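J.: Chain by chain, the residues run as shown.
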Amino acid sequence: MKGAAAAGDASYRSWLARPRPVASRQSPILSGSHRWLRRVGDRYRHSLQLRVVTATLILSAVVVSVLGYILMQHLVAGIYANMEQSSTTIFDNGRTYAGNETTFGQPPGSQSSAAMLALAQDLNPSQGTQYAVDVTLVPQDQGPPVYSGGEAVGFFGAVPVLPAKLTSAVLNEWQNRGIGGAPQYPQSEWVSMPLGSSARPEPGLLIGAPFGSVYELYYFFPLAAEQQTIASIQQSLLVAGIAVVFLLAAIAWLVTRWVVVPVRLAAQGARRLSAGELDQRMEVRGSDEVAALAASFNEMAASLQEKLAELEDLSQVQRQFVSDVSHELRTPLTTIKIASDVLFGARDEMGPAPARSAELMQSQLERFEVLLTDLLEISRYDANAATLDAEPVDICGIVLQSADVAQQLAERRGTKIEFRVPAEPCIAEIDRRRVERIMRNLLLNAVEHGEDKDTVVTVAVDSAAVAVSVRDFGVGLRPGEAQLVFDRFWRADPARARTSGGTGLGLAIALEDARLHGGWLEAWGEPGRGSVFRLTLPRTAGAELHGSPLPLSPLPLGTLEDGIDATAGPVVDGLGDRVPAADAAVVTMADLVGPAAADVAAPGSADLAGPGAASGPGAIEPDADQPESTEVGARG
Amino acid sequence: MKGRVLVVDDDAALAEMLGIVLRGEGFEPTFVADGDRAMDVFRDTKPDLVLLDLMLPGMDGIDVCRQIRAESGVPIVMLTAKSDTVDVVLGLESGADDYIVKPFQSKVLIARVRARLRRTDDPAPETLTIGDVTIDVAGHSVQRAGEPLNLTPLEFDLLVALARKPRQVFTREVLLEQVWGYRHAADTRLVNVHVQRLRAKIEKDPERPEIVVTVRGVGYKAGPG
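First to last, the sequence lines map onto chains A and B.
According to numbering that gives the first Met the number 0, the first sequence is numbered sequentially starting from 0.
According to numbering that gives the first Met the number 0, the second sequence is numbered sequentially starting from 0.
To be clear, the hints were calculated from the coordinates, so they are not data collected in a lab.
You may find that some hints are simply not true.
One side only, chain B facing chain A, incomplete, derived with CB under 8 Å [what the hints assert, rightly or not]:
{"#": "1", "residue": "Lys-81"}
{"#": "2", "residue": "Pro-102"}
{"#": "3", "residue": "Gln-104"}
Everything numeric in this text was worked out from a predicted model, so none of it was measured.
Backbone N, C-alpha and C fix where the C-beta goes; we use that ideal spot for every residue, glycine too.
So that you can see chain B by itself, here it is in the shape it has in the complex:
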């Protein structure tokens, strides 16, 4: 089981506590308390998941998130004390897959971490096509008109979930459950932001999407028409 978790947090007590919990659940945590050093540690340890506090000394969490995302599609879960839409959306747009608002329960943290790490281990060979986008599910690769596209695992999962049932409309709540693994519909802002990020990568014109289409008042669906 992949289980290397990088905890980027400047609060020593919280980091230690997170360490205790993560170890208790069988993960291997590593720690960094400084935003400036976060990238070095990230490159050294090559974690499977990053737990990132937004308020950091040195480089702040948003910038760290952007830099990690520039290099890797590793799942990033933000820890934030602010639940205002502006803060949440800013964090998600900088590349985070999910976020947890402090204070949180250890159960919730572990559930989210597991949800981000739970990958279908041996997917059946399957190829999906929407428009000119081809998805190789087993190979975790996406191509548009023969050109490979670089999607994060979350974006990939989102696209696959939509593409498996083309023309079916998915509500944001259903997507939250299928892609993020939330049992109860929580925050539909997650879906909105990630659909936008996905479109930015796969659509010819993200302003007029043809692959992931908005169904007003309901949700999203794959494919034209």
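Extracted from the complex, chain A is given alone in its bound form:
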């Protein structure tokens, strides 16, 4: 039984040994087992079934151990009592036999020794070692010349081997013999002593009582047989106990499986449902709680599907409508446009008012057309009808090519667009038309909002991605606006006039274009510091992006305070070029804007011009590294 307890104990200890947060770092040698322990721990935390089985194992081991222990105690006590009873019977018989021998009624004499020997031989069992007998004299009559002990008989050594407690009790009984003829009771004690020639002490029951005149009779009943019985019972109990424990664990495993498997299925179903597999349903079996779970899961999925389908239909109708409207508008718009062309061509023959009207009509028609094109493009995205025509292209070339319109606007405003492009081509699988459109949008946007300061375009490439960042030094973006800029028809300041005739859809379309590539289009901006739009595209179409070769936000303010380097020319080194884009821009801005810039900001703090820098370049708090920087990932 100890074994079972030990087994339970062991499993308890190993249960305790399951990982707890380890504060200190493990040495590398231990890290292997550490990792294993952590894996087991993860498994344990994540599996209800494993926890239930473990708990069942431990609890049932404890219970079975306690029960087994009590049972064993009971059995052992019974066996010993039984053995004591039978031993006492044998002893009584032997004592009666000895008492009937008249020789022993006499005081000891010269024949006593032989008589005692003969009696001992008579009483000893003819074969086997169920018990052993010795006959001796009370202590005060022992010693030469009279017989002194059982060496002749066999199982005792000298008299002193007998436990003193028992011999004194027996002696006590002998001393009581005279008093009123009181019966002399046998005394017994559990002892451990060597039996026969064997030097090894054996446990057993020693019974002794005085008889005759001055004699004592001792029986020793070894426990060997009983011990064997007990051991075998113990073994059986242990085996049964272990079997019960594991059986219980197995039952717990099975039972929890019944519960856990449907829960797992439900979790899996919910995961798939949320991943868009709206047809996902659970099997409903019976009418228990699990079935109720399945039924309500299915109900939820069905209503979700219904709602989504409703919304889908609704938006489909809406998209179709927008698309149809756009197409239907195109034919009359063509007529109007050609008519306007004709009128515009003939404006020299008109009076001043009709001629100006023709001009206005011409320019506004262009704007109308751009808006219509953008609307159609957006509706195509909304209808999920946009497709990617990716081919390997040098993105640097596209960036330079798509700058024409923005370049013209920049020239009109007296500013420059500075390109920082790697020397080697940046080949990526992209949709040329869409990337050109993104770049045109970003560049126009930057020039338009650049407050007549230069725009810096940086291209960089790494093994997995290409990135283009467009930096302007205009009013920047207020917190939260970095996300809003991608909203349709969003305007930073509704009162601000649009000069380049943007439609308000440009960035929304650009974002969709980037997403279609599996890329990112992100904005960063800070009031007074301008803004950055960063486009990151995977070099292989459809690959997942893990990072961008360019930082989104420029370095903190402090690092570019003395960043004026008159020698800084156009940098053709986009790779890992973390030199703040402001350096060169500040110089050229100061050169170009000249005195006009003086009332905006002193040179050297030009990019600080704005609300925050109103009190001068030194007014920036040292801790205002990124005071209200807004950095939002609009990632697709």
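Based on these hints, arrange chain B on the given structure of chain A.
T.: What follows is chain B alone, placed relative to chain A:
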């Protein structure tokens, strides 16, 4: 100057407007508003160029285009409100030489029409050979192994442009400029579709072309190797 233009468009206002512009540029437009009647009018008027709207009542523009192409190599310029690749490629594959997406400027329309009508009037007598294909430039005829091949003027121009400089690789942009007369590279889908149509006529096995060969990532060239 050849200048008969058939305008197939159901939108009366647009057709009238196109008429005004075309007449202003010295062309002679005729009009038909119905796809079903388009072929009759086409046979009657024998135009030098067809401006074809894709969305028509009755027979749609694609079918009209196919039928005209079955009878004649006359230049066809499609007018379409859809610029999706699928729509464009479908139109080009049905035989159109060029397409213009609505809304367009009158300048653009006239430029495209002129580009399609501008034929080298008196080409010098010249015979080009690629593989077993022989091109008589002055006679506007192409033969493969002695058998005459029926190419549209555009396909002929494309083949001649490639064949004049055998083994030189032409990018799609260069071909657009030389054959279609586009100043700025516009839509390379035009080139892809027409090269396929040309191959279907002149190659023994269009799947493994030997006359007009693709140079991966660059463009096309004439002749093997």
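J.: Give a verdict on every hint.
T.: Going through the hints against the structure:
no.	hint	verdict
1	Lys-81	holds (7 Å)
2	Pro-102	holds (4 Å)
3	Gln-104	holds (6 Å)
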